[in-house]
Amino acid sequence: MSFVRKEFSHVLRDRRTLLILFGMPLVQILIFGFALTNEVKDSKIVVVDYARDDASQAIISKFEASHYFEIEKSAMSHDDIEKSFKQGKIKMAIVFPANFNEDLLHQNKGQLQIIADASDPNTANTITNYASSIIRDYQSQLDMTTSVPYQITTKTKMLYNPQLAGAPNFVPGVMALVLMLVCVMMTAVSIVKEKETGTMEVLLVSPFKPILVIFSKAVPYLLLSLINVASILLLSVFVLDLPVNGSVFLLFAESILFIITCLTLGIFISIKTSSQQVAMLISLMGMMLPTILFSGFMFPIENMPKVLQVITNIVPSKWYYIIVKSIMIKGLGFSFIWKETLILLAITLFFLVVSLKSFKIRLS
Amino acid sequence: MRTIKFLLQKEFKQIFRNKAILMLIMVMPVVQLLILPLAADYEVKNINLAVVDHDHSTYSQKLISTITATTYFKLTGYNASYDEAFRMIELDKADLVLEIPQGFERNLVRENVQELFVAVNAINGTKANLGGAYLNTIIQTFNNDIRVKLTEHDNSIQQKTVDITVSNWFNIFMNYHVFMVPGILATLVTMIGGFLSALNIVKEKEVGTIEQINVTPIKKSHFILGKLIPFWVLGNIVFTLGLAVTWLVYGITPVGSLLVLYSFVSIYLLAILGFGLLISTFCDTQQQAMFIMFFFVMIFILMGGLFTPIESMPAWAQVVSRFNPVSYLIQTMRMVILKGSGFRVLLGNIGIIAIFAVVLNVWAVLNYRKVS
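These protein sequence lines map, in sequence, to chains Z and Y. Under the numbering used here, think of the first position of the first sequence as 1, with each following residue one higher. Under the numbering used here, think of the first position of the second sequence as 1001, with each following residue one higher.
If you're looking for bench data, these hints aren't it; they were derived computationally from the structure. Here a beta-carbon is modelled for each residue, glycine too, at the ideal position from N, C-alpha and C. Careful: at least some of the hints might be erroneous.
Said to hold, decoys possible - Here are the simulated lysine-lysine pairs, DSS-like style, with alpha carbons at most 27 Å apart: (1) Y:1093 - Z:339; (2) Z:330 - Y:1074; (3) Y:1205 - Z:195; (4) Y:1019 - Z:272; (5) Z:195 - Z:6; (6) Y:1093 - Z:157; (7) Y:1093 - Y:1062; (8) Y:1205 - Z:330.
Claimed, not checked - Label-pair restraints from in silico Cβ distances: (9) Z:16 - Y:1115: 56 to 64 Å; (10) Z:62 - Y:1062: 47 to 55 Å; (11) Z:80 - Y:1311: 14 to 22 Å; (12) Z:97 - Y:1082: 30 to 38 Å; (13) Z:27 - Y:1069: 40 to 48 Å.
Let the sequences and hints guide you as you build the complete structure.
Have a look at this one:
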């Protein structure tokens, strides 16, 4: 018990780190929840109108009315397009050829050109889609008089996330990331620090079981992580309006399991390394990066090459991410996630056994 | 001047003696540049589709085969009911469900209109949005083909159409790597520069060697300069390595001039190194420095426009990102490498980053205390 108290005061005395420990989830939730959206709106465009007739004006005013676009400049020449793209602000250009309306009226076919800045392919795709649908809209207005035969319409329903907000995707990811950071990195570094400063020896010669010494190191971080989980959930419910659709109890139970997984990983790293810098680098490179890369919340796993897809299976946070997504967003029960839970348990047991095997009481 | 020379000698010796760290500095960026772009592929493709076909007609079959013939969709389920297909979504086996109602073909021909039902798993908003749009486009094309076929012999219906030709400039093949690699290179330079400089002074504090420097007549600014220059050189080497990898592996060569690129990166490195040194002067332990640096780098990178465009952020976040040096680097890298923007266009960015460099370094010098 007194060991646990010692560890708590270690943790609580380092105010700056503590501040960041609690500030990190807060800031991440705010950034992910509000700042990071793929939603494309108010894209700046330029219009090159050689036609200047009724049809081109009508389409331009439709673009002006849409909140997806913001017309930056109009009435430029073709050569200016490249220049304004290079300045970086313009995303798309629309070019109306001369006689646009005339062609449309007499030959039933008008042509116009959309030039997109495709340096960001997804944005380019999205805005050309929006632009085409605006133009198609104008076209169907023209055809109002003659009704279109044989029409297939689609009704699309966006499940779980009708506003297409970023939060449902990111909140579970942030939880995995924060837990990984706090549990693995902090635990590993704090144990190795005692090795480095030499206080580990003092602890090892004490009458306590050495393995207890190690585990008592993990207790404060377990509690800290639970507080972090709770604060992330509170934030997401009250600030991001993202309710927990499944059972909160189940979510916490799974979180505790994942925290224990991370703690064993942290202990494992600390046993294998001897300097703080190495411990930090290993937990950063070996744990944080894979979490960000391979858990599937920032980078789509299905687009990766096969080799990387196989690697993602040994990243614990991937499974935790799936579990949280299932419980929180989809509102599913335990019967849907027992497989993922089992995998996490297996990983935990594996690292626990390996670290116990390689734990040495004597310092070399 | 002589003091700085000796300080530089000391720093370089320390760097070159620590083989592990040196290897890490050189190898890590290369490895990351090889793996990250492979992983950071946001192109929406491989969308898993579950189809519920209540009609089983020629048209519904034709529609399904039109959809699966594209590279975007993979048919993963052919279900008897919507509930069954919905279960596929719950299990993450399907991203989209297309439900074709009974009498699809008959209604289309007789009543001229028929509705299809699409349900999208929208947890990932971008994928849902683009996936839905792709499916819609395919259905519309299919619709047009049918209409043309059915109205072939009927000349009374003449539609006015607007032909849209889309050209994609600067990245004709819509290759995602071309977009991501310069951005990732920017974050790598930031991370290497930031972490190395943040940990450096703190390490001297922790080990105690800073006392020895404090009692010498070395000026504060000289000390900071002595720390700055070696990492500046390292940063430029890392950047050059990164450029070589982007050229050899991804075949991306800057459209713009290398001179513009290097001059911007040199100034940028001064800024980010100054930031690291500033944090270093604030902290007492390496753990703290590491943690605080990690905190800021994370915010910088997330808000820097690497993953999501800055223009779609809310107004307050756009204001915040003006104070984010990484966003200028990412923007400049993409402008020079992809579009070939020149000095004149980038003058504003260079000016801002120079201000960052001056302010951060002066602050670091002022904040460094010779008394512990």
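Against the structure, the hints:
1. Y:1093 - Z:339: holds, 15 Å
2. Z:330 - Y:1074: Holds, because 23 Å separates the two Cα atoms, which is no more than 27 Å.
3. Y:1205 - Z:195: holds, 18 Å
4. Y:1019 - Z:272: OK: residue 1019 of chain Y and residue 272 of chain Z at ~20 Å, within 27 Å.
5. Z:195 - Z:6: holds, 16 Å
6. Y:1093 - Z:157: holds, 18 Å
7. Y:1093 - Y:1062: holds, 23 Å
8. Y:1205 - Z:330: The given pair, whose Cα atoms are some 50 Å apart, is violated under the 27 Å limit.
9. Z:16 - Y:1115: 56 to 64 Å: holds, 59 Å
10. Z:62 - Y:1062: 47 to 55 Å: With Cβ atoms ~33 Å apart, the hint is violated.
11. Z:80 - Y:1311: 14 to 22 Å: holds, 21 Å
12. Z:97 - Y:1082: 30 to 38 Å: Violated, since residue 97 of chain Z and residue 1082 of chain Y (Cβ atoms, about 46 Å apart) do not stay within the stated range.
13. Z:27 - Y:1069: 40 to 48 Å: Between residue 27 of chain Z and residue 1069 of chain Y, where Cβ atoms are some 46 Å apart, the hint holds.
Violated hints for the displayed structure, listed by number in ascending order: 8, 10 and 12.
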